[in-house]
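Undergrad: Chains B and Y are the protein sequences, given in the same order. Counting with full-length UniProt numbering, you get residues 1 to 429 for the letters of the first sequence. Counting with full-length UniProt numbering, you get residues 1 to 379 for the letters of the second sequence.
Some hints could be false.
What the hints assert, rightly or not - In silico lysine to aspartate or glutamate, EDC-like type, Cα no more than 20 Å apart, as pairs: (1) B:K253 / Y:E126; (2) B:K146 / B:D265; (3) B:K118 / Y:E126; (4) Y:K123 / B:D234; (5) B:K256 / Y:D253; (6) B:K71 / B:E117; (7) B:K71 / Y:D253.
No wet-lab data here; the hints were simulated from the structure.
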Amino acid sequence: MGRLSFSDTRHLVTRTALGQEWGGVKALEGKTRAEAISILLSPSAIKTPPAPRLTPWANVNRMRMRNGAGKKQARKMMMREGERLKRWWMLHLLQTDTPVNEHMTLFWHNHFTSSLEKVEQPNLMLNQNKLLRDNAMGNFRTLLHKVARDPAMLIYLDGSENVKGSPNENFARELLELFTLGRGHYTENDIKAAAIAFTGWGVNRNNGTYVYDARQHDTRPVTFMGRRGSFSGDQIIDIILEKPRTAEYIAEKFWKEFVSDIQPDHRYIRNWGAAFRKSNYNIRTLFSEVLNSEPFWSPRYKGTLTKSPIDLLVGTLRALPFPKLPDTELVHISQLLGQDLFDPPTVKGWAGGNDWIDTQTLLVRTSLLNKLTRHSQASAKVQSYLPKTTGSEVVQWLLPLAPVLPLPTTPGKRRMVRALILDPVFQLK
Amino acid sequence: MNRRDFLQYASLVPLAGMAPGAFAAGQGNRPDQILLMIELKGGNDGLNTLIPFRDADYHRARPTLRVKNGIPLRDNMAMNPYLKNLLPLWKEGHMAWIQGVGYSNPSRSHFHSIDIWETASTKNNESRGWLSRVLPPRNNAVNGIVLGDNNLGPMSGANSSAVAMEDPKTFLRQTKYLNKKGFKPANSSLAHMLNVQNQINTAAQELGRIHKGKRSPVRFPPSRFGRKLEQVTQMIINGMDTPVYKVSLEGFDTHASQVDQHNNLMNHLGGGLQAFSQAMKRAGLWNNVMVITYSEFGRRVAENNSGGTDHGSAAPHFAIGGRVRGGMYGKQPSLSPDKLHDGDLIHTVDFREVYATLAQRWWRRPNPWEKQFRPIPFV
């Protein structure tokens with residue numbers, strides 16, 4: 001197998017990390033695919049900035065219970081702290097030394113969605129975020145079991161309301177439909193049975209921990225996926241993980257995230273799913289399969305994925321030496337671009353792909369990039385921080401395909417970079 | 001032959017002999033059925049908008065907030081007196097009230113409930129606006145224009161072909177930086193981007209033309225809401241090729257000291273829409289427009305201790321237009337305490353029945369909710 005060209009490593013890095021940092025792309029040039037992928041998937045220890053200051057829920061609750069004014073005050077405080085949490089993640093996305101792991105954290109946030117809007121408690125969302133980050137490249141089986149008892153998730157999908165005699169099917173349904181098997185691979189009766197198995201799982205909202213209430217657990221025997229028994233929630237998860245379809249469903253999500261929006265090629269999904277299952281759901285194994293596969297490198301799919309708002313905002317700021325924007329503005333822009341961290345629009349997360357670009361967001365994207373690349377006093381130094389290289393390598397560094405608009409005829413590194421960033425192809429990866 | 005067919009046909013023959021009728025106002029390709037949606041932001045108090053004024057339960061639940069001087073319409077229901085500007089439309093038979101509009105297991109969160117209304121899904125699994133399921137996507141024109149908001153709301157989604165703007169002037173300024181050049185899309189993602197770019201640029205070009213176009217002689221109230229309606233009017237009479245407009249009226253979240261606030265809003269609503277209907281009549285377009293209101297929820301039946309009302313559920317909404325069949329539709333939910341759910345009205349009409357009506361009876365398009373929700377004959 002040949003050695004990776006600069007353009008190859010840019011492809012590998014933009015799709016898996018957060019933006020194409022010059023140093024990161026250059027470091028992999030000349031390596032074999034396998035070497036480069038193995039380096040990329042072995043991040044150093046993960047360091048996050050100190051956690052944001054969040055009021056313990058017990059205190060919030062006391063405030064809420066006091067009176068109407070207290071309730072209002074508590075709501076305002078939660079809003080403020082929610083914004084603080086968003087800024088914290090945004091800052092980490094911008095500064096992290098482990099962008100691949102962070103990309104995966106965001107991937108799992110979009111898979112195992114929960115939203116501040118419903119959960120209300122920033123501290124529970126922060127805990128969920130930690131859980132996703134710590135397991136982002138770990139084991140899917142472990143992650144799934146942990147997510148099922150994650151307090152934010154138990155609130156988001158009403159698991160904490162799911163009690164003996166009055167089952168709430170919300171979590172059971174999404175577990176099957178969105179987290180593991182996908183539509184068409186289970187029945188309504190499977191949902192009902194799973195809901196019964198998860199009865200009694202709840203949250204102590206005061207200290208934000210998972211609690212199991214045996215009195216609320218319904219021990220009635222049920223039939224789940226053709227098996228009869230009195231199951232626990234964990235047993236339900238293990239049955240789901242026995243199904244080859246679960247691994248294939250996650251493989252399909254990887255296809256969509258890393259290869260293409262276009263319908264996946266089933267041969268690859270089967271192979272990736274099999275490898276994933278064989279590794280007992282090692283996420284790094286699946287990731288490595290995907291990145292080492294033919295479709296990931298196929299010219300057919302290069303430059304076909306639309307950059308997410310985080311790719312565009314964080315990726316551009318990480319890769320290029322433009323003046324930094326205040327974190328409140330970053331959070332605001334990401335909201336306008338349609339990716340409000342910790343607040344995905346629906347239980348399915350962000351639809352992504354072409355949905356990232358509509359008449360509203362295209363205008364925001366354009367004005368953001370215009371603003372970043374505009375000549376100003378603050379940006380006077382940008383020129384000197386740009387890599388010293390040839391024009392054609394700059395094109396390869398910033399764009400996945402040839403630009404579709406004409407490049408400037410007047411020479412000038414910064415002018416060139418601006419033209420490339422404003423080219424529609426810059427929106428792709 | 002509908003107007004679009006006619007224009008396509010007309011473009012093949014010399015225009016010399018055409019009568020300068022109402023349509024001569026603009027050069028655009030104006031659709032025959034235009035919808036103007038008015039979002040009553042914050043959750044409008046339906047019970048003080050269309051008032052069950054003979055219902056003792058109403059008076060009991062609203063000792064200080066009850067409206068005593070409503071304008072009786074029909075079926076023991078009266079209209080808020082500050083909507084008096086709309087009374088002529090009611091009398092002409094061009095105003096329909098749809099009572100008890102809501103949905104099952106109502107959400108009392110502003111954000112969540114408006115999401116439900118705008119996506120027409122109660123399952124939190126749909127991020128695209130309901131109109132993108134009714135109207136076919138367009139390539140070189142926009143299906144909708146949202147004024148005064150940067151949120152596409154009922155028209156959101158990649159294929160919905162709508163633009164949102166604070167006002168046309170601001171939009172023209174924002175679009176200045178957008179690439180105007182065409183390009184050859186190398187893949188479907190670029191083709192989508194090009195399509196969106198073209199929609200924005202076409203809308204901007206049209207709005208630039210309309211900005212200099214003819215103005216309605218009708219005077220609009222000098223409020224923010226009035227100005228937005230005037231801008232919509234300007235677009236319609238100058239032939240903008242857009243079937244949907246959306247304007248919001250804000251301030252309906254009346255938790256405290258509601259009376260003056262709500263009356264004031266009713267006054268804005270009635271005054272603005274009266275001017276709009278006048279302008280459409282003057283342009284000979286009254287039969288081509290329908291105005292409809294919506295809001296995330298109604299308000300609690302019982303008033304609270306701060307002279308206001310808290311978030312509730314079902315509420316009445318109205319439609320006006322030259323082809324609207326005036327009258328009362330749906331059933332007013334019972335206010336009897338034992339017929340309430342946690343102090344809230346139980347809806348009698350699902351809001352998707354209203355959407356089904358617009359799809360099927362206004363636009364003659366398929367009803368995407370055919371299996372569950374049937375149209376209402378108010379048009």
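Undergrad: Give a verdict on every hint.
TA: Hints, one by one, checked against the model:
no.	hint	in the structure
1	B:K253 / Y:E126	holds (18 Å)
2	B:K146 / B:D265	violated (31 Å)
3	B:K118 / Y:E126	holds (16 Å)
4	Y:K123 / B:D234	violated (26 Å)
5	B:K256 / Y:D253	violated (41 Å)
6	B:K71 / B:E117	holds (16 Å)
7	B:K71 / Y:D253	holds (16 Å)
In terms of the numbered hints stated before, the structure departs from hints 2, 4, 5, listed from lowest to highest.
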